[in-house]
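Sequence order for the protein chains is A and B. Everything in the first sequence is counted per the numbering used here, starting at -1 for the first residue and increasing by one. Everything in the second sequence is counted per the numbering used here, starting at 2 for the first residue and increasing by one.
To be clear, the hints were calculated from the coordinates, so they are not data collected in a lab. Among the hints, erroneous ones may be present.
[Unchecked claim] Covered, in the sense of this in silico footprint (three residues per stretch, anywhere, with C-beta under 8 Å from a C-beta of chain A), are these stretches of chain B: (1) 61 to 70; (2) 102 to 108.
[Stated by the list, open to error] Pairwise CB distance ranges, derived in the manner of DEER restraints: (3) Gly94/A <-> Asp68/B: 42 to 52 Å; (4) Thr85/B <-> Pro93/A: 38 to 48 Å; (5) Gln3/B <-> Thr109/A: 20 to 30 Å.
Note that the Cβ used here is the ideal one computed from N, Cα and C, for glycine as well.
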Amino acid sequence: EAQVTQNPRYLITVTGKKLTVTCSQNMNHEYMSWYRQDPGLGLRQIYYSMNVEVTDKGDVPEGYKVSRKEKRNFPLILESPSPNQTSLYFCASFPGGRADTQYFGPGTRLTVL
Amino acid sequence: TQLLEQSPQFLSIQEGENLTVYCNSSSVFSSLQWYRQEPGEGPVLLVTVVTGGEVKKLKRLTFQFGDARKDSSLHITAAQPGDTGLYLCAGELMAGAQKLVFGQGTRLTINP
């Protein structure tokens, strides 16, 4: 079954404690993206990756890092989380050149105290 | 400022009524998508429209792309409680841009 998986699904942490949210896709897609979803703002892109070792900033990259060492994985790293990063995070993947066919993961709800 | 403005942001109506959700922008999009999102899940693609003036139907849902490719609408006929959810529009500013711009979403509640 084609899917995007994220872990963990729920996470409560404290300010400054480094965390990683993993994302994996089994569709051999070149492109992967991270979004955050906040009430009244819709989904905003944090980072995206066009292929292994190729990443670029989205609209709200501050406070986040990503890496793409393998095609299937695209982890999101928060080196020093702050309360304003409390949000619902989605990973997505799509084949090259077709951002209009994105597959989304189930989401990770992060709370930073 | 949102590049894509969705309205209304909240809508609660009775079963059987019709409704329209709008997605507007001052920018031109190469394609526009509508997603539906259930609680605890990621957005799921409903439809993609790519041609100005295009109309697509999905059972009781009708999607239209504006002639100038700056706006879109989602019309639901005879709404049912199963239509309840968050509806998101998203657009690709240019073909191959590799990213989508999302509207704020419309939270729709259909009351039995």
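For the hint 42 to 52 Å, verify it against the beta carbon of Gly94/A and that of Asp68/B. Since Gly94/A and Asp68/B have Cβ atoms about 30 Å apart, the given range 42 to 52 Å is violated.
Is 20 to 30 Å respected by the C-beta to C-beta distance linking Gln3/B and Thr109/A? At 25 Å between Cβs, range holds.
How about the segment 102 to 108 of chain B: do at least three of its residues have a C-beta closer than 8 Å to a C-beta of chain A? Coverage by chain A holds here, the residue count being 4 at a Cβ distance below 8 Å.
Annotated coverage of the segment 61 to 70 of chain B by chain A, confirmed only when three residues or more have a Cβ within 8 Å: violated (count 0)
Please check whether Thr85/B and Pro93/A have a Cβ separation lying inside 38 to 48 Å. 31 Å, violated
Hints 1, 3, 4 from the earlier list are contradicted by this structure; the remaining hints agree with it.
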